[in-house]
Amino acid sequence: MTERRWDPTLQEWVITATHRQERTFKPPEDYCPFCPTEADAEYPTAIPEPDYDMAVVENGFPSLQPDPPEPAVEGADLLPAEPANGQCEVVLFTPEHDGTMSQEPVSRFVKLVKLWRDRYETLGEKADHEYVYIFENRGEDVGVTLHHPHGQIYAYPFVPPKIQTELQSSRDHLEEHGRCLFCDLLDAEREDGRRIVAENDAFTAVVPYFARWAYEVHVYANDHLPSLAAFDSDHERALGSLLKDVQIAYDGLFDEEMPYVMAMHQQPTNGTGEDYAHFHMEFYPPKRTEDKLKHLAGSELGAGTYINNKLAEESAAELRESLDAARE
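Numbering (this note's numbering), first residue to last: 2 to 329.
Take the hints with a grain of salt, since some may be wrong.
[Unchecked claim] Below, in silico cross-link-like pairs of lysine-lysine (DSS-like), each with a Cα-Cα straight-line distance of 27 angstroms or less: (1) K115 / K163; (2) K127 / K163; (3) K112 / K127.
By construction, these hints were calculated from the structure, which means they are not laboratory data.
Taking the hints into account, I'd like the entire structure generated from these sequences.
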């Protein structure tokens, strides 16, 4: 059962997907649904081939479906219910089950950027796909139960609330100052310099001034690029290169694969926001020290106000040192 229920108190949709209670949870060590299917395999995987380079497959337990069932309840004016239409995909970064992306060549990251761009454009062509959201959940500390390196893509029938707020803030800033909010934020970060982790000609990685997580990193396009669709081949190579730097910095910080949620923010695919949407990626690692996690609790979940235990300037310096050490 999948459906959308409207929360009138926060003005946002909540998706109900009851079948996800049965989704795969830590499969047997000798079976991974994201590995290539071996010739003599008793059970095929999501990839019916003996090998692959990078792949996109349908999510076996989708929260959104191209042809969803009708809602389980009949909505009302105050409490509407709608079918959970959309699409959910899984992006397989490598055929290697125990692969580590920070150890992969830049070329694999560039290929991934190209794949993301293709899926953003292709899924965005469907009329009921208002926003194509590309993300990655990495590590058991954020709830990952399939360890094969992968990310996900959700094509929503609406613009998600956090992104809608972001877009509205940038639109208001544009109307008041004549410039994109994110362009001005990036200019301020580059002028200050203390929170920059890595940069190249086309992208800049920073621990934002207003970081909510101890080692949060945002990767911004240096020019005003609304979405992946505005990229050329130079942008693809530059983003791939900088993403590898971010991975190296993260994995070197505590000498382990850093768990995180990665969220890609860009222009909605409903045609709005070209002037004020600004392509960027946000990384939220739950670790605040090597052996302590940041748990969202009363202030964060109940009031929506985050409390960060570290200064952004100190975190950025630690990540720069981690990257420099790996380059030596």
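**Study point:** Violations among the numbered hints, reported as their numbers in ascending order
**Key:** none
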